[in-house]
Every structure is written in structure tokens, then in C-alpha cells.
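Trainee: Could you build all of it, start to finish, from the sequences and the hints given here?
Quick note, the sequences are listed as chains A, B, C and D, same order.
Using our numbering, the first residue of the first sequence is number 42, and each one after it goes up by one.
Using our numbering, the first residue of the second sequence is number 42, and each one after it goes up by one.
Using our numbering, the first residue of the third sequence is number 42, and each one after it goes up by one.
Using our numbering, the first residue of the fourth sequence is number 42, and each one after it goes up by one.
Hints in this document: simulated from the structure, not taken from any laboratory.
Errors might be hidden in some of the hints.
Given that identical chains are not distinguished, each listed pair holds provided it fits within a single copy or across any two copies.
DMTMM-like mimics (lysine to aspartate or glutamate), calculated; alpha carbons at most 20 Å apart, straight line [said to hold, decoys possible]:
1. LYS107 to GLU62
2. LYS140 to ASP308
3. LYS394 to GLU105
4. LYS127 to GLU62
5. LYS127 to ASP87
6. LYS304 to GLU346
7. LYS107 to ASP78
8. LYS297 to GLU241
9. LYS49 to ASP219
10. LYS360 to ASP349
11. LYS127 to GLU105
12. LYS202 to GLU292
Number of protein chains: 4
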Amino acid sequence: MAGNTFGKLFKLTTFGESHGEAIGGTIDGCPAGLELDLEAIQRDMDRRKPGQSSIVTQRKEPDEVKFLSGLFEGKTTGTPIGFIIKNTNQKTRDYGHIKDTYRPSHADYTYDQKYGIRDYRGGGRSSARETAVRVVAGAIAKQLISSVQINAFTSSVGDIKLSKKYKELDFGLTETNDVRCPDPATADKMIHRIKEIRKEGDTIGGTITCVAQNVPVGLGEPVFDKLHAELGKAMLSINAVKGFEYGSGFEGSRMKGSEHNDKFNADGSTQTNLSGGIQGGISNGMDIYFNVAFKPVATVMQKQETIDNQGNKVEMQGKGRHDPCVVPRAVPIVEAMTALVLADFVLLNKTSKI
Amino acid sequence: MAGNTFGKLFKLTTFGESHGEAIGGTIDGCPAGLELDLEAIQRDMDRRKPGQSSIVTQRKEPDEVKFLSGLFEGKTTGTPIGFIIKNTNQKTRDYGHIKDTYRPSHADYTYDQKYGIRDYRGGGRSSARETAVRVVAGAIAKQLISSVQINAFTSSVGDIKLSKKYKELDFGLTETNDVRCPDPATADKMIHRIKEIRKEGDTIGGTITCVAQNVPVGLGEPVFDKLHAELGKAMLSINAVKGFEYGSGFEGSRMKGSEHNDKFNADGSTQTNLSGGIQGGISNGMDIYFNVAFKPVATVMQKQETIDNQGNKVEMQGKGRHDPCVVPRAVPIVEAMTALVLADFVLLNKTSKI
Amino acid sequence: MAGNTFGKLFKLTTFGESHGEAIGGTIDGCPAGLELDLEAIQRDMDRRKPGQSSIVTQRKEPDEVKFLSGLFEGKTTGTPIGFIIKNTNQKTRDYGHIKDTYRPSHADYTYDQKYGIRDYRGGGRSSARETAVRVVAGAIAKQLISSVQINAFTSSVGDIKLSKKYKELDFGLTETNDVRCPDPATADKMIHRIKEIRKEGDTIGGTITCVAQNVPVGLGEPVFDKLHAELGKAMLSINAVKGFEYGSGFEGSRMKGSEHNDKFNADGSTQTNLSGGIQGGISNGMDIYFNVAFKPVATVMQKQETIDNQGNKVEMQGKGRHDPCVVPRAVPIVEAMTALVLADFVLLNKTSKI
Amino acid sequence: MAGNTFGKLFKLTTFGESHGEAIGGTIDGCPAGLELDLEAIQRDMDRRKPGQSSIVTQRKEPDEVKFLSGLFEGKTTGTPIGFIIKNTNQKTRDYGHIKDTYRPSHADYTYDQKYGIRDYRGGGRSSARETAVRVVAGAIAKQLISSVQINAFTSSVGDIKLSKKYKELDFGLTETNDVRCPDPATADKMIHRIKEIRKEGDTIGGTITCVAQNVPVGLGEPVFDKLHAELGKAMLSINAVKGFEYGSGFEGSRMKGSEHNDKFNADGSTQTNLSGGIQGGISNGMDIYFNVAFKPVATVMQKQETIDNQGNKVEMQGKGRHDPCVVPRAVPIVEAMTALVLADFVLLNKTSKI
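Mentor: Okay, here's the thing in C-alpha cells:
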């Protein structure tokens with residue numbers, strides 16, 4: 042109940058702090074008989090891992106997954122899949138300066154208040170390192186629902202915005218550049234912007250757009266567990282996320298019903314898809330698409346005034362190796378969480394009708 | 042698991058279709074000894090009910106709650122609180138025309154596909170009538186966390202936007218006009234716009250902003266059940282919602298870390314509050330504020346082309362009594378869901394420390 | 042979380058006190074498209090209801106179920122099934138004498154201690170009246186898994202024990218006598234014993250045996266949610282139950298492995314069935330059978346010394362209309378809980394394999 | 042939902058097969074600030090581990106727990122406690138003979154049927170090796186509710202039964218003999234019986250009695266999650282358990298109400314305690330006591346006829362190093378599960394009253 046489990050039938054429970062010996066997870070409820078492509082899992086891990094390019098943190102961690110259970114001769118057995126990822130690159134000395142100090146817009150203060158104790162090293166549990174576990178589980182979920190295509194990509198960095206609609210994009214280009222924007226010209230601008238920002242010792246926010254295609258009709262459980270409600274929760278649970286919108290989103294709130302309604306084709310598909318592939322909380326078979334807003338990373342390499350845990354004013358400066366923009370590395374995380382939500386609803390939906 | 046339960050310790054389970062005999066709910070986990078103000082519950086119900094003003098649907102339903110259990114001599118007993126609200130104003134004849142027809146951007150098609158059967162009368166379970174039950178439960182949750190102030194209000198209707206920041210507003214004015222915007226001048230414009238739209242036989246979207254003040258520090262359960270993730274899910278589970286953002290929201294994705302970071306005061310409060318009262322998924326005692334985007338109501342009083350359940354093209358026109366804009370009546374629903382989330386986390390937080 | 046929900050996918054949430062206006066429940070997760078036999082539901086209700094024979098309480102309550110949602114044209118729709126049963130025969134005056142007094146071996150003391158408040162009328166929530174709701178839900182569960190035969194019967198009353206093995210019995214005889222023992226000669230003795238006990242103003246315990254036949258192979262979710270663990274919890278949650286054993290049960294603890302092991306036939310069935318139809322927590326297709334022990338009803342029509350809520354000694358005598366032996370009326374409750382457990386696992390098992 | 046999580050607020054999720062690289066678990070919901078005595082945890086592990094005495098399996102495994110998260114400077118932090126126990130003594134060659142063969146009264150057949158695939162090595166997930174993880178979690182739960190004393194002991198082996206009531210016993214003697222019976226004379230007989238049985242290549246069942254003292258009043262959540270219902274489920278989830286009874290248990294079913302009712306003392310305690318410390322599903326502060334029945338271990342060192350997975354008759358003989366009687370090593374497991382149930386309810390009970 043303390044919040045470290047996600048999903049109802051395809052259920053991921055995670056543990057681990059940034060600077061403990063390992064992080065890890067348990068997937069309970071993965072159906073038996075799924076032949077796992079371990080390399081595909083590692084590929085997604087590599088897309089998330091630090092040190093992968095010049096615009097992300099230069100920390101180096103191999104982020105290799107070790108599976109401890111639930112697999113036999115390459116297949117899932119229906120028993121829980123336990124796995125760990127070692128933390129190999131902890132430099133605890135980097136964090137002595139925050140032991141008693143609350144970094145602005147970090148979770149230091151709230152963890153201390155809530156729990157009365159805090160593993161301050163690298164942000165402890167509040168570190169985005171935890172998302173590596175999600176990527177493992179999401180990669181398995183993707184394989185479970187392999188007919189669905191999930192493609193996330195960077196759609197803005199600061200005020201540099203990808204202006205094309207997702208239908209005009211070639212998702213095959215997403216991985217061809219460091220910022221993971223499938224439009225090469227925009228990608229260049231984004232990368233340039235991130236490099237500028239880093240030079241300033243600053244950080245910048247951005248957005249990720251995710252598209253799920255070939256989704257079966259019928260996923261989602263009204264009324265509280267609507268498909269988009271679970272997607273929203275999934276995205277908002279990712280570090281640094283400030284907003285979520287699907288289909289027409291906030292723009293839809295400025296529209297009229299006569300403009301917004303999606304006209305049906307004879308086969309039940311729709312001519313427009315302002316609904317974003319979901320009606321009444323249930324997938325309708327059209328593309329699901331949504332945007333996720335990320336705030337700028339809170340650790341800046343500039344002097345900041347803050348307080349210590351006694352309320353004294355102190356000055357601090359970010360140390361360590363941090364991302365100037367979290368968005369490029371968050372792309373596989375958004376995909377992973379999408380896959381977890383969809384896989385869970387695929388299993389749940391097996392019980393909708395007699 | 043089928044999605045009709047919300048919350049973990051303060052747990053609401055709901056049932057009911059638009060045109061059944063009654064809708065209702067059960068609250069399991071409300072602590073014993075809470076003296077319930079039944080009039081306050083009814084007041085929130087009256088803010089949601091149809092027919093309350095000239096800019097909402099003219100259906101008339103008294104929406105009186107009847108409590109069946111869990112109360113004794115005016116107080117909660119710790120046992121489940123069961124309640125029902127009779128459906129008194131069903132005009133089933135209004136819905137014969139949609140028996141075999143899928144209304145555009147409604148849930149008719151997806152319910153049929155998912156369940157193979159559909160109570161088409163008034164939208165059945167997909168009708169926003171279901172939210173009346175949420176308002177009852179939310180009104181009880183408000184009383185449980187009575188030191189917290191929750192104020193939602195209409196912040197835009199179509200492109201008419203309330204330009205003031207929430208700190209400049211007097212929440213006491215929200216209920217003084219039919220659109221529930223605490224700025225009278227903007228409210229007038231919004232009301233005028235809704236009336237125009239209704240005259241056109243059309244509908245319009247809008248946004249609601251909600252502010253929760255005096256929230257205890259420490260609410261929220263990382264990593265998946267972050268406070269804003271549960272708030273987001275709660276809001277996205279409300280009919281017609283397309284987006285959610287908190288604190289700096291989507292605007293925050295365009296900012297730099299040096300601008301976005303909230304400087305601490307000596308007492309742990311912050312000078313700015315772009316974090317929106319939540320850091321690392323845990324409340325920090327500052328105001329929580331967020332925006333919720335509502336699409337325009339799908340039922341328009343204009344002719345629309347659509348399909349029947351055999352895939353034949355048919356023409357249809359909205360009948361019955363519908364809202365030209367859902368936002369004014371959704372204000373108490375947003376508050377109710379906020380209260381449910383906060384009450385649940387208040388209970389959960391009792392177990393954070395030894 | 043407060044304990045009024047049973048099941049994971051076929052999920053029953055109940056509410057209601059003995060002397061409130063109504064008791065009721067919500068079933069969330071019943072698959073759509075199930076044609077409900079409402080008369081069969083009422084038949085099970087009639088087997089549980091008070092006043093049905095000369096050896097049970099003479100209270101009269103029609104116990105008619107009113108369905109409020111989830112059904113359309115006779116079939117389940119996949120939306121929650123809400124229902125209520127009115128309390129028609131409350132004589133609150135019967136309970137004034139226990140307002141401030143703790144009846145021995147009742148829940149008066151513990152409810153007061155736990156909640157600080159107690160609806161003392163008829164035992165409030167702790168009354169077995171609550172089980173009427175379970176019988177409704179169980180009767181629906183039976184229809185969902187209609188190929189399974191569930192037969193419970195009275196196997197002992199005090200020291201009068203049915204000596205035949207269940208395989209020697211004709212379950213068709215269970216309903217031919219008031220005590221629900223399928224062996225007429227033993228039934229006569231039991232009935233006689235209960236009448237004697239009632240004449241003494243006393244009560245007596247007993248056991249119920251339940252047999253589930255034609256159960257699909259594969260039900261149960263190791264390791265914590267083993268089939269027999271959930272059956273045990275289900276039975277122990279029924280008022281007055283003190284023990285549960287399945288298959289060889291306590292007798293099995295006195296046996297040797299060479300005696301206890303069930304030899305396989307070529308088709309996977311076994312020659313003996315000391316395992317009771319479950320191996321490793323998963324059904325193996327053989328008959329599931331188990332025993333449930335009920336204590337004697339705590340309300341005796343004799344003078345008892347006890348205490349009031351100030352700790353003063355007081356003398357009290359049972360009033361009202363109570364069962365001298367709970368077992369005959371508990372037979373349909375045991376069946377209902379068995380059906381709920383099996384139906385839930387049937388749904389869960391749909392997700393075991395890809 | 043697949044059954045590998047136990048508890049609602051103090052929530053244990055486990056993974057691991059007998060012959061995988063490691064087994065492990067995650068505790069989510071342990072309150073922050075608990076100073077852990079790691080040696081006490083290892084002591085309980087040592088009571089469960091194989092090879093500890095001459096009457097248990099001679100396999101040798103150190104069973105050392107490695108904590109990976111959730112602890113900082115010796116205290117719990119409120120974040121999930123992840124831990125693993127390496128499997129060091131797997132002799133996979135011992136199990137080649139059961140690869141395609143179903144051992145009688147084992148879970149081989151049912152796992153194969155349910156999942157279509159089976160890690161046959163050492164029983165895979167169905168092995169009691171899994172309970173080592175429960176003992177770790179239970180040892181932490183014990184420390185969380187340190188004022189409660191939980192004492193389990195062997196109360197029978199086959200037909201050798203401890204005749205003393207638990208009140209006549211000195212629990213300090215339980216660990217002074219290999220069979221964990223606190224009555225030395227009876228212990229000698231039990232040990233002798235187990236050695237005889239082992240010489241025969243056979244196995245024997247037994248019972249464990251557990252007593253929890255100094256339990257706070259108010260634990261348990263009616264109506265489904267009654268304290269004894271959760272204890273029953275917890276015990277029945279342990280490998281080889283066939284029955285559970287608490288308080289007067291099955292004997293209570295043969296009693297009259299006038300004999301069975303517990304008379305109150307002025308302070309709310311009772312003179313007898315046939316209720317077993319629980320009334321209406323809620324602890325009343327008196328001792329909780331219950332019995333758990335274990336069947337004989339299914340692996341006997343004798344020739345048995347059985348079938349392979351094609352339905353062919355085959356002869357097999359137990360190999361490897363197995364327990365002749367599971368009861369001595371199950372004593373700490375019973376205690377662990379008791380502690381998990383009580384700790385969970387202690388946390389839940391913090392939310393019973395306002």
C-alpha cells in the first residue's frame with residue numbers, strides 16, 4: 042500500500058535506492074509460456090542508461106539486468122519474475138554536501154518530513170535511478186503485447202517544439218539522434234539548445250509524445266480505472282512529470298462539440314481521432330496518443346541559496362554528473378509505463394465477457 | 042478489479058446506471074466517530090445536480106442521498122457506509138433512438154465492443170450521473186480532513202480564460218454565479234458564451250482549476266502512488282476530462298531549472314511554488330493547485346452522421362436535456378475527487394513512521 | 042481495506058447492519074452476458090432466511106433481493122451489480138438491554154474498543170444478518186461457474202456426527218430435512234438434539250462439510266493465495282466459525298507419507314484423494330472437500346453474569362429470537378463462500394498462460 | 042494478483058524457485074525509523090534452515106539474508122526493503138528423474154496443468170524453500186510489534202501428542218530440543234518417532250500450536266478480513282498445511298453455548314478464553330492461540346508407482362535430502378506468518394477511529 046507496486050494483474054513491485062547495492066523488481070502475474078527476448082530488454086535499458094551520449098549525464102553504469110526467478114529455459118513460468126540491477130557507480134562522497142541540506146525542488150525536505158529519516162545519497166529512493174526497474178518490466182510487458190506498437194519521442198525541449206503531427210513522422214528516425222526526436226532538423230535544434238543550457242550550468246524541461254498503435258478494442262475498466270486515467274497516473278508517477286493530456290488534451294477544452302466529435306466510419310473506426318483512441322475510458326482501436334510534460338531537472342550547476350535541516354540559510358552548488366534535460370532518457374521510460382498499463386488491461390480484459 | 046473502486050484505505054465502491062432504479066456507493070474505511078453534517082453533503086449534491094441554473098441541463102432530479110448503514114446517532118461507526126440516490130427523472134423514451142446507434146465520441150461503441158451488451162438508456166454506466174455518488178463520498182471525505190480547504194472553480198470556457206492567478210481570487214465568489222468562476226467579470230463572459238453555444242445547438246469545453254490549502258506535509262506514497270499521480274488519475278477518471286497538470290504544468294516544460302526551482306524559506310515553506318505543493322510525490326505543505334481540461338459535451342443538438350451497430354450510416358440528432366458545457370457542474374466533482382485522494386493519503390500517512 | 046470486500050476479480054463489497062434500513066452489496070467484476078436466474082438466487086436466500094423451520098430462529102424476514110444495477114434485459118452488463126435487502130423485522134426494543142452491556146462471547150466489547158462507538162441493535166454489523174448479502178453474491182457466482190457442483194451439508198451437531206463418507210451420500214436428500222443432513226436417520230437425531238437444547242434455553246455447535254465437484258484443474262494462485270488458503274479464509278470469515286480443514290485435514294497430521302500420498306491414474310486423476318482436490322494450492326480436478334467447525338451460538342436463553350461498559354457486574358438473559366444451532370442456516374452460506382472463491386479463481390486463471 | 046503478495050499495509054512480495062540463483066522478497070509499507078536487529082533475523086533463519094539437526098534434511102545452506110534497500114544506518118527508511126537469499130546448495134542432478142514425472146501428492150501435475158511449463162528442479166516455486174523469505178519478513182514484523190510475544194511449538198508428531206495446555210508450558214524450553222516441543226519428555230518421544238520413521242524411508246505429519254500474547258485489543262477488520270480469517274489464510278498458505286483451528290476450534294463445535302461462553306472480568310478480560318483471544322474477528326486482548334495441521338512430507342524414500350507427463354506408469358523413489366517430518370522447521374514459519382498478520386493489522390488499526 043505504500044506505493045511501490047504498479048498494476049493489478051501484471052503487477053510490478055520495485056525496490057532500491059540510488060546508492061544501495063542494487064535496485065530491483067518483481068513482476069507477479071506475467072502469464073506462463075512467454076519466450077523472453079533478453080536482448081530486447083537490454084536494448085531498452087541501454088536507451089535509458091546514463092552516459093549514452095553527449096547530452097546526458099556522464100555517469101557510467103552498465104545497467105545490466107540479472108533475472109533471479111520466473112524464467113526456465115528461456116520462458117516465463119507463471120511464477121514471479123524477480124530481478125536486480127547492481128548499482129556500480131555510486132560516488133557517495135559526491136553527496137556529503139546534501140546530507141543535512143535540502144536541495145530546492147528536490148524531495149529531500151518532503152522525505153525527511155514524511156519519514157523522519159532519509160538516505161540522502163544520490164536522492165535515495167527519490168532518484169530517477171528507480172525508473173531503470175520500470176524499463177525492465179516495461180520491456181517484458183511489450184513482449185507480452187507484441188502486436189501493439191508503442192513509440193514515444195521527444196516533442197519539445199524548452200520552447201523548441203516539434204511542429205509536425207505524429208502521423209507525419211517516421212518513428213524509425215527516433216533512435217538516430219541523441220535527443221530522440223524523429224524529425225532530424227528539430228532534433229538538431231533541440232540538441233544545440235541542451236548543449237547551450239548545459240554550458241550555462243542550467244537545465245531545461247520538455248515534453249514527450251507517445252503513440253500506441255494497433256491497440257485492441259476494449260481495454261480500460263470504467264469508471265475509476267479508465268484507460269487514460271491509468272495512463273495518466275503511470276506518466277505522472279515518473280520523476281519530474283508535471284502534466285498529461287491525451288487526444289485533443291487541453292486544446293480540446295477550447296473546442297466546440299460539433300468540431301470535436303469524431304465521425305465514425307462503417308467499421309467503427311473514426312475519421313478524426315480527437316478522442317485519442319479512447320472513448321468512455323475504453324480503447325476503441327484507434328491510435329492512442331498523449332503528451333507528457335517534464336519540468337527542468339532541479340539540480341543546476343549554479344550557486345543556489347537554500348536551507349539545512351535546522352532551517353539555517355546555506356549556499357549550495359550542484360555537484361556530480363546530472364542531466365541537463367531529462368527528456369531524451371525518459372523516452373524509454375514513457376514507453377515502458379505505457380506497456381505496463383496496456384499489458385495489465387489486456388489481462389484484465391480477458392474477464393470482461395462470459 | 043473491474044474499476045469501480047477508488048482509494049486504498051478510504052475506499053469508495055460505486056454502482057449504478059443512468060436509468061436504473063438507483064445509483065449508490067459504499068465507503069469502506071471511514072474512521073469511526075466522525076460526526077457527519079448531512080446538510081453539507083446535500084449542499085455539494087445540489088451544486089452538481091441538474092436543473093440548478095439556466096446554463097445547465099434542465100433535467101430535474103432532487104438527488105437526495107439515503108444512507109443505509111455505517112452511521113449511528115449521527116456518527117460514523119467504522120463499518121461501511123452504504124448509500125443510494127434514486128433515479129427519479131428517467132425518460133427512457135428519450136433514448137430509443139440510440140438503442141442500436143453509436144453516438145459520435147460517446148462510449149456506446151466501446152461498451153458494446155467490450156461487454157457485448159449495453160444498457161443504452163441515458164448512456165447507462167458511462168453517464169456522468171455516476172459522479173453524483175462521488176460527490177457524496179467526497180463530501181464525507183472533506184469532513185474527515187476538515188482542516189484542509191479545497192476550492193475548485195471554472196478557469197476557462199472555450200477561449201474565455203480567467204487571467205488572474207488563484208492567489209488574486211476570492212473563493213467566496215465562486216458560488217455567486219452560475220458558471221462558478223470567482224471573478225464576476227469573467228464569469229459574465231463565460232455565461233454569455235455558454236448561452237450562445239446552446240443557442241447554436243452546440244457545446245463547448247473548458248477547464249477547472251482546483252486549489253487545496255492547508256494540506257498536511259507528508260501525503261503521497263512514492264514511487265507509483267505519488268500524490269499528484271493519484272490526483273491525476275482521479276481527475277482523468279471524471280467524464281470528459283482530457284488533461285491534467287499541476288504546479289507549473291505544461292508551462293514548466295518550457296522553463297529552465299534556475300527559473301523553476303522553488304527557494305526555501307527558513308521554515309521549509311517556499312518563496313515560489315512552481316512545484317504546486319508537491320515534491321517527489323509528497324505534499325510539502327504549500328498550496329496544491331492543478332488544472333483539469335474538459336472536452337465539449339459530445340451530445341450536440343445538431344444533425345450528425347453516424348453508424349448503427351451493423352455499420353450502416355445513419356443520421357441522428359441529440360435529444361433530451363443536456364449540458365451545453367459540463368464545467369459548471371463538474372466543479373464539485375473535482376473537489377470531491379480531490380477530497381477522496383487527500384483523505385486516503387491522510388489515513389495512509391498514519392503508518393509512515395513508527 | 043477495512044475488510045468489507047471479498048475477492049480479487051469477482052469482487053463483493055458489502056454493507057449493512059442488522060437493524061439499519063437495509064443491507065446490501067456490490068459485485069464488481071462479474072463478466073457481461075451472464076443470464077441470471079433470479080429465482081435460483083431467491084431459493085438460496087430462502088435456505089438461509091430466518092423462520093424457515095421449527096429448529097431455527099422464529100424471526101420472520103422475507104429477505105427479498107432488489108437489484109439496482111448491472112443487469113439489463115435479464116443479463117449482466119459487466120458493470121457493477123448493486124443490490125439491497127430491506128431489514129423488515131427489526132425490533133429495536135429487544136436490544137435496549139444490551140445498549141451498555143457486553144454480551145459474553147459476542148463482539149460487543151471488541152467493537153466498542155476498536156471503534157469507540159457501536160450500533161448495538163441486534164449486534165449491528167457483527168450480526169450474521171450480513172451473510173444474507175454473501176448468499177446473493179454466491180448464488181450469482183454459482184451461475185457463473187455452473188458446471189461446478191457445490192454441495193454443503195450438516196455433518197455434525199454437538200456430538201452427533203454423520204458417520205458416512207461424502208461419497209456414500211445422496212446430496213439430493215440434504216434439503217429434505219430441516220437440519221440439512223443428507224442422511225435421514227442422522228438428521229432425525231440432530232433435529233431431536235437441537236430441540237432438546239432449545240428447550241434448555243441453550244445452544245449447540247456443529248460442523249458443515251462442503252464438497253465441490255467438477256472443478257476445473259488449475260484454480261488457485263500460489264504461493265499465498267493457494268486455493269485452500271482462500272477457502273479457509275472464506276469459511277473463517279463466516280460468523281461463529283472456529284476451524285477449517287480440507288482433504289485429510291487434522292487426521293492427515295497423524296498419518297505417514299506412504300499412507301497419505303495419492304496414487305495417480307494414467308489420466309492424472311488419483312486413486313485416493315487425501316489431498317482433497319488440491320495439490321500445491323492448485324485444484325487438480327478431483328473433488329474438493331472440507332469441514333468447517335461452528336461454535337455454539339453465544340446468545341443463550343439463560344441467566345448469565347457479565348459486565349457493562351463501565352466494568353460493573355450485571356446479570357443478563359438472552360432476549361429476542363435466536364437460533365439454537367447456527368449450522369442448518371449456515372449451509373447455504375458455506376456454499377456461497379465456496380462459489381465466490383471458485384468463481385474468482387476461474388477468472389484469475391484466464392490469465393495464467395499466454 | 043497472481044498470489045505472491047501477502048498483507049495490505051505491511052506488504053510482502055516474494056519470488057524465487059528452489060534451484061534458481063536466489064530467492065527474495067520486498068517488504069513495502071514497513072514504517073520508517075525501526076532499528077533492525079539483523080542478528081535476530083538471522084536467528085529465525087537459522088531455526089528454519091536445513092541441516093540444523095539430526096532430524097531434519099541434511100542439505101546444507103547458510104541461508105544468509107542480504108538486504109539491498111530500505112535500510113539506512115541500521116534503520117528502516119519507509120522505502121521498500123528488498124532482500125535476497127542465495128541458493129547455494131542446488132544439486133540439479135538430483136532432480137533429473139522428476140523432469141517428466143509427476144510425484145504423488147506433490148504440485149508437479151497441477152503446475153504443469155496450470156502453467157503449461159514447470160521448473161522441475163527441487164519443486165521450483167512449489168518448494169518450501171520459498172518460506173525462507175517469509176521468515177525474514179516475519180522477523181522484521183516481530184520487531185515492529187515487539188511488545189507482542191509469539192511462541193509456536195510442535196504440539197504433535199503423528200499420534201504423539203503434547204498433552205499439556207499451553208499455559209502449563211515454559212516456552213523457554215522450545216528451542217532446547219530438536220523437535221521444538223517445550224515439554225522435554227514429549228519431545229524425546231517425538232524425536233524418537235521421527236528417527237524411526239526416517240529409518241523406514243517414510244515421513245510423518247504433525248501439528249504446531251502457536252500462542253500470541255500481549256496482543257493489542259482491536260486488531261482485525263470485519264467482516265471478511267477477520268483476524269482469525271487472515272491467520273487461517275496465512276497458515277494454510279504454508280506448504281503441507283491441511284487444517285487450522287483457533288480457540289476452542291473443532292472441539293468447540295461439540296459444546297453448548299452455556300459451556301462455551303467466556304465470562305467477563307470487570308476489566309474486559311475473560312475468565313475462560315475459548316474464544317481464543319478474538320471476538321467478532323477482532324482481538325480482545327486475551328491470548329490468541331491456534332493449531333495448524335501438517336500432512337506428512339510427500340517425498341518418501343520408498344518405491345512408489347506414479348505416472349509421467351504422457352500418462353505412462355513409472356516407478357520412482359525419492360532422492361535427495363528431505364525432511365522426515367516438516368514440523369520442527371515449520372515452527373519459525375508459523376511464527377513468521379503470525380507476525381506478518383498481526384503487524385499488518387496493527388498498521389491498519391491506526392485508521393479505525395478519528
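Trainee: All hints are to be evaluated individually against the structure, with a verdict given for each.
Mentor: To see whether the hints hold, each was checked on the structure:
Taking the shortest Cα distances, LYS107 and GLU62 sit within 20 Å of each other both inside one copy (13 Å) and across copies (10 Å). Proximity of LYS140 and ASP308 under a CA criterion of 20 Å is satisfied inter-copy only: 18 Å between copies versus 61 Å inside one chain copy. For a Cα distance limit of 20 Å, the shortest separation of LYS394 from GLU105 qualifies neither inside one copy, at 41 Å, nor across copies, at 27 Å. In this homomeric assembly, LYS127 and GLU62 come within 20 Å of each other (Cα to Cα) both inside a single copy, at 6 Å, and across copies, at 15 Å.
Within a single copy, LYS127 and ASP87 get their C-alpha atoms as close as 14 Å, which meets the 20 Å cut-off; across copies the closest is 27 Å, which misses it. In this assembly of identical chains, the alpha carbons of LYS304 and GLU346 lie at most 20 Å apart only when taken from different copies (7 Å versus 55 Å within one copy). Taking CA atoms no more than 20 Å apart as the test, LYS107 paired with ASP78 passes inside one copy only; the shortest distance there is 14 Å, against 29 Å between copies. For the homomeric pair LYS297 and GLU241, the shortest alpha-carbon distance between copies (10 Å) is at most 20 Å, but the shortest distance inside one copy (44 Å) is not.
Taking the shortest alpha-carbon separations for LYS49 and ASP219, neither the intra-copy value of 35 Å nor the inter-copy value of 41 Å comes in at or below 20 Å. Taking the shortest alpha-carbon separations for LYS360 and ASP349, only the intra-copy value of 17 Å comes in at or below 20 Å, while the best inter-copy value is 63 Å. For the identical chains of this complex, LYS127 and GLU105 are neighbours both inside a copy (7 Å) and across copies (19 Å), given an alpha-carbon limit of 20 Å. Taking the closest pair of Cα atoms, LYS202 and GLU292 come within 20 Å of each other both inside a single copy (16 Å) and across two copies (13 Å).
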